[in-house]
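Undergrad: Model the full structure from these sequences, guided by the hints.
There are 2 protein chains.
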Amino acid sequence: MKVDHIRPQDIENTSMQIIREELAQMGKEIPAELAPVVMRVIHTTADFEYADTMAFSPCAIEKAREAIRSGARIVTDTNMALAGVNKKALAKWGGETICFMADPEVAEEASARGITRAAVSMERAAALDGPTIFAIGNAPTALLTLRELIDTKGYKPALIIGVPVGFVNVVNAKEQIMETQIPWIVNRGRKGGSGVAAAICNAILYGM
Amino acid sequence: MKVDHIRPQDIENTSMQIIREELAQMGKEIPAELAPVVMRVIHTTADFEYADTMAFSPCAIEKAREAIRSGARIVTDTNMALAGVNKKALAKWGGETICFMADPEVAEEASARGITRAAVSMERAAALDGPTIFAIGNAPTALLTLRELIDTKGYKPALIIGVPVGFVNVVNAKEQIMETQIPWIVNRGRKGGSGVAAAICNAILYGM
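First to last, the protein sequences are chains Z and S. Residue numbers for the first sequence follow the numbering used here, so the first one is 198 and each next one is one higher. Residue numbers for the second sequence follow the numbering used here, so the first one is 198 and each next one is one higher.
Bear in mind the hints are in silico, worked out from the structure with no lab data behind them. Backbone N, C-alpha and C fix where the C-beta goes; we use that ideal spot for every residue, glycine too. Mixed in with the good hints there might be a few duds.
[What the hints assert, rightly or not] Computed footprint of chain S on chain Z, listed as stretches where at least three residues anywhere in the stretch have a Cβ under 8 Å from a Cβ of chain S:
1) 235-243
2) 355-365
3) 377-383
4) 390-399
[Said to hold, decoys possible] So, partial list: chain Z residues that the calculated Cβ filter (under 7 Å) puts toward chain S:
5) Ile-208
6) Asn-210
7) Asn-276
8) Met-277
9) Ala-280
10) Gly-281
11) Lys-285
TA: So this is what it looks like as structure tokens:
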């Protein structure tokens, strides 16, 4: 048995063609401007349910790209999502990726205040100058903290990607973000994850 | 609106209880020794389909734990999976996590030989002394290379976690691993991913 010599780009193109065909067979129609994001999420999960559950505020992708063109950073709530975002593609526009979750000071502050590290991480990110995109694939408390900062401090992130996965507080936290006037991309329901958050960032970057 | 003060461990316990109840409602019975792994994958994906598709060679989990007790390393095929494995839990037994994918020498060799970086990464890992667990969530060519090393060089990994996600070559690559006499944990079909690979590693570690 010999390992085939396959070019990664060919595999991706073939995969996207299969996804396109199967979506058509299922009768799922995705607006052209959203399709690259939805399809990359399906590519990352092999789960076609995302075609039904992903939701976007008006012009969310275009607004995210404008923010990236002006040097927006991407803040994640896990080191996994951080590892998954294409840093070279973001650096081309001057942006960088940040995750505060493993910072010992964040852990200390969270413990002292009796809140989650994700909540403290969001506060730290919100204190930074310049446009910020949040890619949240894990912690519903990250989304709830962002909602609180938006409501009480007038904080305006460039985009919130709200795709935590889970069984407790996740559905509600996503709805809290969908009620804001901030640009958002959310996967309704329980599904999501760090890989999904990174895939959405990369789909936005690759279409620029 | 105030962010609730929720303890992560409470959320996880509640989530696992919900998963247990819903599995029971669906009539899905999972053998007790496999349940911690299958349930952690469902916890990571919110996708109950894994209860039907995950497969294990005889005593795979117990053999993996024996290997970890003797200091096994965990080799991943993505930096995302690397970021997701609980390194503290592994270090307690003397093991470390490794991923060769971002090594510039690996990229050069792959390009020169016209094979994937994942294939070169597996060869490098297989050349290391001592027990090795492979956690493959992305590249089918990683699995095909391991199969080749097993067949032609008599290579004996301690465990292969074969859960690449995707639409091209993925299903076959998983089957190639299931035909070996090496301990394996595989998710049949298209689904999987770096998060799933890390979740399986962590479930093994947390049960020790």
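Undergrad: Check the structure against each numbered hint from earlier and tell me which ones fail, lowest number first.
TA: Hints 3, 6, 11 contradicted; others consistent.
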